[in-house]
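Novice: Taken in order, these protein sequences are the chains called P and G.
For the first sequence, the working numbering begins at 51 and goes up steadily by one.
For the second sequence, the working numbering begins at 51 and goes up steadily by one.
Simulated from the structure, these hints should not be mistaken for laboratory data.
Fair warning: this is a prediction, and the values are worked out from it, not measured in the lab.
The beta carbon of each residue, even a glycine, is placed where N, CA and C say it ideally should be.
Please note: incorrect hints may appear among the correct ones.
In silico negatives: residues of chain G with every beta carbon more than 10 Å from chain P [claimed, not checked]: (1) Ser68; (2) Thr71; (3) Gly93; (4) Glu122; (5) Val125; (6) Tyr172; (7) Tyr176; (8) Met201; (9) Leu258; (10) Val329; (11) Asp371; (12) Gln412; (13) His442; (14) Tyr472; (15) Gly479.
Computed list of lysine-lysine pairs in DSSO-like fashion (alpha-carbon distance at most 27 Å, straight line) [claimed, not checked]: (16) G:Lys353 with P:Lys361; (17) P:Lys361 with G:Lys361; (18) P:Lys317 with G:Lys411; (19) G:Lys361 with P:Lys411; (20) P:Lys361 with G:Lys411; (21) P:Lys317 with P:Lys361; (22) P:Lys317 with P:Lys303.
Example chain G residues on the side facing chain P (calculated, C-beta under 8 Å, incomplete) [said to hold, decoys possible]: (23) Trp252; (24) Pro254; (25) Ser292; (26) Lys299; (27) Arg323; (28) Ser382; (29) Leu390; (30) Ile405; (31) Ala409; (32) Pro418; (33) Gly422; (34) Thr489.
Number of protein chains: 2
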Amino acid sequence: MTYVEELLESVAQRLRPSPETLEKAKLYAEKLVKSVEELFGPGTASVEGSFARGTMVRSREEVDIFIHFKPETPVERAAEDVLKRGTELVKNLGGTVRLRYASHPYVEGFLEGLRVNLVPCYDTEYGKWITPVDRTPYHTRYVKSVLDERMADEVRLLKAFLMNDGLYGAEIRNKGFSGYVCELLIIRFGSFLQLVRQASGWKPPVVLDGEKPMSPASAITLLDPVDKTRNAAAAVSLTTLSKLIMKSKLFLKEPSDSYFLSRTSFKPSVEGRCFLAVVLDVPERPPDVLWGELTKTLEGLAKALSGYGFKPLRTDRWFEDGKGLLIFELESLSLPQVYLHTGPPVWSMNAVEFIDEQARKQDLAAYPWVEGERLCSLRRRRFTNAADFVKHLIDGDLASFSKNLRPFLKKSKIYTNLDEVYSAMSEEGRIFLDDFVRTCPNFIAQYHSLG
Amino acid sequence: MTYVEELLESVAQRLRPSPETLEKAKLYAEKLVKSVEELFGPGTASVEGSFARGTMVRSREEVDIFIHFKPETPVERAAEDVLKRGTELVKNLGGTVRLRYASHPYVEGFLEGLRVNLVPCYDTEYGKWITPVDRTPYHTRYVKSVLDERMADEVRLLKAFLMNDGLYGAEIRNKGFSGYVCELLIIRFGSFLQLVRQASGWKPPVVLDGEKPMSPASAITLLDPVDKTRNAAAAVSLTTLSKLIMKSKLFLKEPSDSYFLSRTSFKPSVEGRCFLAVVLDVPERPPDVLWGELTKTLEGLAKALSGYGFKPLRTDRWFEDGKGLLIFELESLSLPQVYLHTGPPVWSMNAVEFIDEQARKQDLAAYPWVEGERLCSLRRRRFTNAADFVKHLIDGDLASFSKNLRPFLKKSKIYTNLDEVYSAMSEEGRIFLDDFVRTCPNFIAQYHSLG
Chain P
51 MTYVEELLES VAQRLRPSPE TLEKAKLYAE KLVKSVEELF GPGTASVEGS
101 FARGTMVRSR EEVDIFIHFK PETPVERAAE DVLKRGTELV KNLGGTVRLR
151 YASHPYVEGF LEGLRVNLVP CYDTEYGKWI TPVDRTPYHT RYVKSVLDER
201 MADEVRLLKA FLMNDGLYGA EIRNKGFSGY VCELLIIRFG SFLQLVRQAS
251 GWKPPVVLDG EKPMSPASAI TLLDPVDKTR NAAAAVSLTT LSKLIMKSKL
301 FLKEPSDSYF LSRTSFKPSV EGRCFLAVVL DVPERPPDVL WGELTKTLEG
351 LAKALSGYGF KPLRTDRWFE DGKGLLIFEL ESLSLPQVYL HTGPPVWSMN
401 AVEFIDEQAR KQDLAAYPWV EGERLCSLRR RRFTNAADFV KHLIDGDLAS
451 FSKNLRPFLK KSKIYTNLDE VYSAMSEEGR IFLDDFVRTC PNFIAQYHSL
501 G
Chain G
51 MTYVEELLES VAQRLRPSPE TLEKAKLYAE KLVKSVEELF GPGTASVEGS
101 FARGTMVRSR EEVDIFIHFK PETPVERAAE DVLKRGTELV KNLGGTVRLR
151 YASHPYVEGF LEGLRVNLVP CYDTEYGKWI TPVDRTPYHT RYVKSVLDER
201 MADEVRLLKA FLMNDGLYGA EIRNKGFSGY VCELLIIRFG SFLQLVRQAS
251 GWKPPVVLDG EKPMSPASAI TLLDPVDKTR NAAAAVSLTT LSKLIMKSKL
301 FLKEPSDSYF LSRTSFKPSV EGRCFLAVVL DVPERPPDVL WGELTKTLEG
351 LAKALSGYGF KPLRTDRWFE DGKGLLIFEL ESLSLPQVYL HTGPPVWSMN
401 AVEFIDEQAR KQDLAAYPWV EGERLCSLRR RRFTNAADFV KHLIDGDLAS
451 FSKNLRPFLK KSKIYTNLDE VYSAMSEEGR IFLDDFVRTC PNFIAQYHSL
501 G
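Next up, chain P with everything else stripped away, as it sits in the complex:
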C-alpha cells in the first residue's frame, strides 16, 4: 500500500459507525417499520438513506424511515398524518421529537441519542413523482444493488472530505453534494482516490454524463441513473465545485487526515479590515425557505452597496434558533464625499439638457466640464457611511430584499464593530463568524497548518 492508501485506510476505519451504533440503528429501524405498518397498513414503511445503503458516517448516524402513501392522498393530508401519528409513534418508543422541513415536512426523532427521520412519500409510477423524495426508494434500490462494503468506505471518505469544508448537503445553505451524489461519484470512479485525482483536473462546467451541461447554470452534470432526465448534482454551486477541485489538488500534494477530521482554530488579524453585519430575528420557517430568503436579501444588499460605490469583498449569511445574520466584509466603511458623474458626449442630442439639469442638482459639487468628447460633472454623495446607507436601504425597502424578511429587517441592528457582532451571537454564530473572518476555507488553513 502506498502512503496515501494507508492514510485513507486509517481514516476510513475511523469513519465507520461502531458495531454498537449499527446494532442500535438496526433495532430501531425494525421497531419503526413495525410500528408504521401497524398504524398505516402493511407495506407502507421502508428503510432509506445512508443507513439502508450502508454509507453512514460515524457520529452522523441516522435512520430514515419512509412512509408510503397512495398517489390519491392529498399532499397536505399525508404530511399532517405523518407529523401527527409519527410524533406519537416515536414518543411511544420512548424518544423525543422535532418537526423538520426539507422540501416538505417530516418528523425528526431521537431514540437513545440515535437520530431517526419519518418522511412521507408516494408510491408513484416511475417518473410521475409527486414529491422530490418519491425517487429516493429507487435511489436506495439502485445504490444497494451496486455498492459493496469496500465502496461504502470510499463513500464515507468522500462524505467526510466534503463535510469538513461545508461542501456536503444539497440544501440552499451549502449548495453542495448530497449523499446520493457522493454514492454516484464513487460508483462512477471506483474509489475516493480515483475521484479526487479526476476532480483535481476538472474545469467547470464539468459534464460527467451527457454531452453538455444540463442547464447553463449547472456547475456539474451527473445524470441520475434512475431518472435520466435529471441532473443529480444540480444543487452543486460553482463555488462548491471549485472548492472540491482546489481541495483535491492540495490533498494530492500533501495528503493528510486533517482534510477529513480536523477543524482549524486559526484566528487572523482583522487590522484595517472592515465588516458590516445586519443582525435580525428570523421567523419560524422551513430552513430551506429561510436560507433562500436570507440569501436573496444578502445578494440584494450587496448589489445595492456595490452599485453605490462600496466594495463588498465577501458576503455570507447564517441563522439558527430564530437569530439571523447577514455579514459583509467591505473594502471600506466610508466613501469619498464627491464622485465623478459621467454625462453624454457633447455631440449627443441631450448635451445641452445635461448642462441645464446639472445646474439644478442640489448635490452638484462642480459644474460640468468637457473631457475628451464627454461632459462630466462632480456630484456629492448623500451617504458616505456604509451603515447609514444600509439603514436607508432597509428603512425605504430600496434593495431587492426577501418580502417575508422585510418586517424583521426593519427591526434589525447594524454593526460595524466586529466585537459587537460577536457579542450579539450565540456560540454557533460565533463559530460561523470565526469561519467568515478567517476567510480561507478549512482545507486551506489545514494545508498551511494554521491554528
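Position chain G against the provided structure of chain P, taking the given hints into account.
Specialist: Chain G alone, transformed into the frame defined by chain P:
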C-alpha cells in the same frame, strides 16, 4: 438683421484693431522689412501672419516678419543669424527683445508696445519644406487671395470665440486651432455663424476634406490647401474640438457677447473635494518642449495614481517664469488599508502555486478563499495616502516622467491643501488655479451666468 447678426456685428466692431494701431503696425512692418533687407540682402524679408492677412484681433496685435534663407544655409546658422542680428535690429529701432521658441527659435520684440516677431524661414521648392514655417508664406499668399474685409471680421469673431476658452493656438499647451485654421474654416463656411451652426452638429472625428481622418488620432481633418498631404488641424485635440462643439450649441441657444469678451470670476465651493499639487522649478527650455514634458509627467503620475487605486478625476499642468505646477483633483486623498487580490481559477495550472505564494506575502491581510471558480486573497496597501505615494513615485522614478524634469521633480513640493498651493503660486498661477478649481470652462460659466 436678426438679433444674433446684430450681436455679432457689434462684437466684430470691438474686435477690429484701432486705426492708430494699424497705422503703427504698418509703419514698423515697413521699417523692419527695410532693415532686414539691408542686413540680409534684397528680397530676404516678407510680412506674414495675421497682420499681413488682415485678421489681427484687437489687443492681440502683432507683426510677423519672416527672414528668408537659401536651402543651403544650415538651420542652426540661420537661427543664430536671426537671433543675433534680429536683436540688434529691433534695438536699433528703439525696441526691447525676448528670445522665443516655437518649433524653432525666433526673436520677439516690442516697439512702442507693439509686438513684432522676426522668424527665420527657407525659400524651398513647394513641398520640400525644411522647417515647419516654410509653408507660411504660401499660407499668407493663399489667404490674402481669397479673404475680403467682411470675412476678416468673421475670422476675428472665431478667433475671439476660441481665445476666450483657451481653444486658440496649435501649441501643446492648448492643442487648439491655429490662426490659419480659423481662416480656413471661415473660407470654407463663409461666416462665423455658418461655422458655429455646422460645428454644433459635428460628431468627432470630423472630416471636412478627404474621406477619412488623416490619422486615427486626428479629431478633425481639414486639408491644407497649399499642401494637400497635410492636415492643417492636426494639432486640435478631441477635448478642444468637443469644447468648440459644446460652446457652439450653447451660443446658438443663448447668443451673448460674453462668449467672446468676458471671463467669469465664479468661485465654487471646494468642500469635500480633494486636490494634490506638485509644485516644481522648471528649467529654461522652449515652451513647447516644456509643455510637452509637463504633460508627459502629468500623464505618468495620473496613470500611476490610477493604477494604484486613487481616482484622478481631473488633471492639468501649468508653468510660467520658471515655476511649474502639476495638479490633480482626486476622488479621495486616502485609500482603504486592504484590497481584493484576484488570483487564478482553481482549475489553472498555478492555483496551488498561488496559494503557496500568498502565504509568503508580507502584505497578506487574509488567506486565499474560493469565490466562484477563482481564488482571491486580501492584501494590505503599502500606501494609503496620495501624497506619500506620489513622493514615493518621484523619489524612486517609478512613473513615466519626462527625463529632463526628474531632477526638478526630486526637489518639488507636494501639497494637498489648496490654500497652500495658492500661496505657492504667482498671480498668473492663481488665475490658472481658479480655472482648474472652477472645473467648468468659461463658456459654461457664462451660459449659467456664474460669477
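Novice: Work down the list of hints and note, for each, if the structure agrees.
Specialist: Hint check:
| no. | hint | result |
| --- | --- | --- |
| 1 | Ser68 | holds, 35 Å |
| 2 | Thr71 | holds, 34 Å |
| 3 | Gly93 | holds, 47 Å |
| 4 | Glu122 | holds, 46 Å |
| 5 | Val125 | holds, 36 Å |
| 6 | Tyr172 | holds, 37 Å |
| 7 | Tyr176 | holds, 36 Å |
| 8 | Met201 | holds, 27 Å |
| 9 | Leu258 | holds, 15 Å |
| 10 | Val329 | holds, 22 Å |
| 11 | Asp371 | holds, 27 Å |
| 12 | Gln412 | holds, 13 Å |
| 13 | His442 | holds, 19 Å |
| 14 | Tyr472 | holds, 17 Å |
| 15 | Gly479 | holds, 20 Å |
| 16 | G:Lys353 with P:Lys361 | holds, 22 Å |
| 17 | P:Lys361 with G:Lys361 | holds, 15 Å |
| 18 | P:Lys317 with G:Lys411 | holds, 18 Å |
| 19 | G:Lys361 with P:Lys411 | holds, 23 Å |
| 20 | P:Lys361 with G:Lys411 | holds, 23 Å |
| 21 | P:Lys317 with P:Lys361 | holds, 24 Å |
| 22 | P:Lys317 with P:Lys303 | holds, 25 Å |
| 23 | Trp252 | holds, 6 Å |
| 24 | Pro254 | holds, 5 Å |
| 25 | Ser292 | holds, 4 Å |
| 26 | Lys299 | holds, 5 Å |
| 27 | Arg323 | holds, 6 Å |
| 28 | Ser382 | holds, 4 Å |
| 29 | Leu390 | holds, 5 Å |
| 30 | Ile405 | holds, 6 Å |
| 31 | Ala409 | holds, 5 Å |
| 32 | Pro418 | holds, 6 Å |
| 33 | Gly422 | holds, 5 Å |
| 34 | Thr489 | holds, 4 Å |
Hint check: no violations occur; every hint is consistent with the structure.
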